[in-house]
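Asker: Chain residues, written in single-letter form:
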Amino acid sequence: MVLASAEALDAFYRDLFLPLVWRATWRHGLSKDDARDVVQEAFLLAVVKMSGQGNPRSWLFQVVDNLCANHQRKTFRRARLAAKWGLEGLAQLDSAPNLEEEASD
Amino acid sequence: MPDPISLIPAWLEATHDREVPTGLDVDEALRRAVLLRDQLRAGQIQAGEFEITEKSIETLHAFAALLTEQIKIDAETALADGRLIFDFVEAIAWTGTPFGGLGEFLARIAFLCWRSARLAGEPAEEQRWLRMYESVGKRAASLEAAEAILATPIEQRGDRVFEPYLEEVEQLFSIRILLWRLCETEPARVRDEANFFYRHLRERRSPLDVSGEQAHYLGEFALIAGGTCRLPSRREEARRWFELAEASFTPAHNASAHVARLAYQRLALALEERDLDLVFQRGPELSDRLMRFGLQEDALKCRFLEAHALKETDRLSDAKSVFQEIRDVAGAQGLDRLCGMASENLFQIHAFLGEVEEAMAEARKATVVLRALSNRVALAKLQAGVGYLLRGQGRMQEATAAFREAQRQFSAIQMTADVAATHLVLADLLLEAGQLAQAEWEVRAALPVIAELKLVPEGIAALALLRDSLRRRQIDRQALRDLHEHFGDKK
Numbered sequence: 001m002v003l004a005s006a007e008a009l010d011a012f013y014r015d016l017f018l019p020l021v022w023r024a025t026w027r028h029g030l031s032k033d034d035a036r037d038v039v040q041e042a043f044l045l046a047v048v049k050m051s052g053q054g055n056p057r058s059w060l061f062q063v064v065d066n067l068c069a070n071h072q073r074k075t076f077r078r079a080r081l082a083a084k085w086g087l088e089g090l091a092q093l094d095s096a097p098n099l100e101e102e103a104s105d
Numbered sequence: 001m002p003d004p005i006s007l008i009p010a011w012l013e014a015t016h017d018r019e020v021p022t023g024l025d026v027d028e029a030l031r032r033a034v035l036l037r038d039q040l041r042a043g044q045i046q047a048g049e050f051e052i053t054e055k056s057i058e059t060l061h062a063f064a065a066l067l068t069e070q071i072k073i074d075a076e077t078a079l080a081d082g083r084l085i086f087d088f089v090e091a092i093a094w095t096g097t098p099f100g101g102l103g104e105f106l107a108r109i110a111f112l113c114w115r116s117a118r119l120a121g122e123p124a125e126e127q128r129w130l131r132m133y134e135s136v137g138k139r140a141a142s143l144e145a146a147e148a149i150l151a152t153p154i155e156q157r158g159d160r161v162f163e164p165y166l167e168e169v170e171q172l173f174s175i176r177i178l179l180w181r182l183c184e185t186e187p188a189r190v191r192d193e194a195n196f197f198y199r200h201l202r203e204r205r206s207p208l209d210v211s212g213e214q215a216h217y218l219g220e221f222a223l224i225a226g227g228t229c230r231l232p233s234r235r236e237e238a239r240r241w242f243e244l245a246e247a248s249f250t251p252a253h254n255a256s257a258h259v260a261r262l263a264y265q266r267l268a269l270a271l272e273e274r275d276l277d278l279v280f281q282r283g284p285e286l287s288d289r290l291m292r293f294g295l296q297e298d299a300l301k302c303r304f305l306e307a308h309a310l311k312e313t314d315r316l317s318d319a320k321s322v323f324q325e326i327r328d329v330a331g332a333q334g335l336d337r338l339c340g341m342a343s344e345n346l347f348q349i350h351a352f353l354g355e356v357e358e359a360m361a362e363a364r365k366a367t368v369v370l371r372a373l374s375n376r377v378a379l380a381k382l383q384a385g386v387g388y389l390l391r392g393q394g395r396m397q398e399a400t401a402a403f404r405e406a407q408r409q410f411s412a413i414q415m416t417a418d419v420a421a422t423h424l425v426l427a428d429l430l431l432e433a434g435q436l437a438q439a440e441w442e443v444r445a446a447l448p449v450i451a452e453l454k455l456v457p458e459g460i461a462a463l464a465l466l467r468d469s470l471r472r473r474q475i476d477r478q479a480l481r482d483l484h485e486h487f488g489d490k491k
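Chains as they are written, first to last, in the working numbering: chain G, 1 to 105; chain E, 1 to 491.
Since the hints were derived computationally from the structure, they do not count as laboratory data. Don't take every hint at face value.
Here are the in silico distance ranges between beta carbons for each label pair [what the hints assert, rightly or not]:
(1) G:Leu81 x E:Arg18: 32 to 40 Å
(2) E:Leu12 x G:Lys84: 37 to 45 Å
(3) G:Arg80 x E:Arg202: 18 to 26 Å
(4) G:Arg80 x E:Phe280: 51 to 59 Å
(5) E:Lys72 x G:Arg73: 20 to 28 Å
(6) E:Gln414 x G:Asp33: 47 to 55 Å
(7) G:Gly29 x E:Asp318: 51 to 59 Å
(8) G:Gln72 x E:Glu273: 45 to 53 Å
(9) G:Ser51 x E:Arg204: 23 to 31 Å
The beta carbon of each residue, even a glycine, is placed where N, CA and C say it ideally should be.
Work the whole structure out from these sequences, hints included.
Answerer: Encoded structure:
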């Protein structure tokens, strides 16, 4: 792991973290909290899956876009189910595993 | 400073047990964006007064989000606001890449202006913002992501995490730009890609978020696919794609300008099929129509077809004048591609007229432009043209070498009809040199391709005569030349 100075982490925050959060918020309509989670998840994926090939910056933007789209699909599906079944406790659905997505992963 | 990407593990380590600040509250950012919009409309703020800070940049992103919503309500107002914010931000001293960088934001605004112009029915503005996007967005994430998508083979695009992200229309917009750019350098690949994106869009369960946008992109990808089928002589396929493009464009906003672009592609197909009367009949009217839409480049391309038809009908002096006009106008407008292609044709005409020095001078000009544009199709045609010129000069060995190089280039871009045509020319040259066995080999290599592509309905008699002479192992040179004539290349 690269040891990072506070200055380097500040630059990381300014040049990578915030632009990705803004993309998730202003382009994809996520709340700030959801945007932060999505970006951190993208960083986790980067550690595990990013190869040395290609452009890492565009890879990250692409993954954030994909994660935002997945997030919106989940939100849409929850709203649809809630409307269909008259569910009030949507929070339960929030924490429930998504069987459809798990099956396709 | 280490590469930010290499800092990801350290970042995750440093932030795993704390909430990282995410900038302005959404409502506050929107409030600031509305204030900025009102100040811009009233001319009350100058770029010099705008300081680059975390908060001010987020305000710009909120502005873009406002613009996205405004487009759905009133595209003309959105276009006017888009112009204001673009000019304003372009003048800000925002260097380097802090907060995503200037290019990223300007590309977003250029895209939103393009979208507004399309919905507002302003094709010239649509074209202008498309070019602007290409110019400012060279390193924008959407274009980079589009490049990454196209670099992934189609069959490997199924992984859930890495699958192409096509929910956001700017991504499709970038892909469309890249495909048009690659049309002449990698036509076969672009055809497959356009087919992929057309099917992907058609099978979507939910429509794109702005009215008529899905139909527009379906039309655009069908037009790209048809245009690339036209090049390697897959004409029936091209016609089918053009029908799909028409069916898609028609219900979309601002359809008439795009239907006129489609009419240009159909006219180009007519030229390739040597239906020159149709080009003479419809070319001038279509060119005028495209000019009325403010689509100057497309109008010039239409003039290009007319010039080609003049060349094909041996009205070389008229053709030369039109090509010179196109070269000069295109050069003045920075339309390098058209300028290079006009030069390429001027080279051919000078060559036909025996104006060797002028021809070689024009070839050199054309080569510089075409290489810069990586226009492999035009470069291969130019190379073949040099072969014809050398042959006309009686420099047979050099001509043979030039044709072999042209054939290699045609083959590399899968222009099978031109590969076959070059086989016929080489056969003729080899007959001239008394190399009968090699000439026979060249003819045998060409015939299956000609038969498969059904290129020359009017040349069937020549084809039969040539086949018959081949069976007798005594090549009918006139039949060879007649058959080659039907490929549209002057000798």
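Asker: Compare the structure with each hint and give your call.
Answerer: Outcome of the hint check:
no.	hint	result
1	G:Leu81 x E:Arg18: 32 to 40 Å	holds, 34 Å
2	E:Leu12 x G:Lys84: 37 to 45 Å	holds, 38 Å
3	G:Arg80 x E:Arg202: 18 to 26 Å	holds, 23 Å
4	G:Arg80 x E:Phe280: 51 to 59 Å	holds, 58 Å
5	E:Lys72 x G:Arg73: 20 to 28 Å	holds, 21 Å
6	E:Gln414 x G:Asp33: 47 to 55 Å	holds, 51 Å
7	G:Gly29 x E:Asp318: 51 to 59 Å	holds, 58 Å
8	G:Gln72 x E:Glu273: 45 to 53 Å	holds, 47 Å
9	G:Ser51 x E:Arg204: 23 to 31 Å	holds, 29 Å
Consistency note: the structure conflicts with none of the earlier hints.
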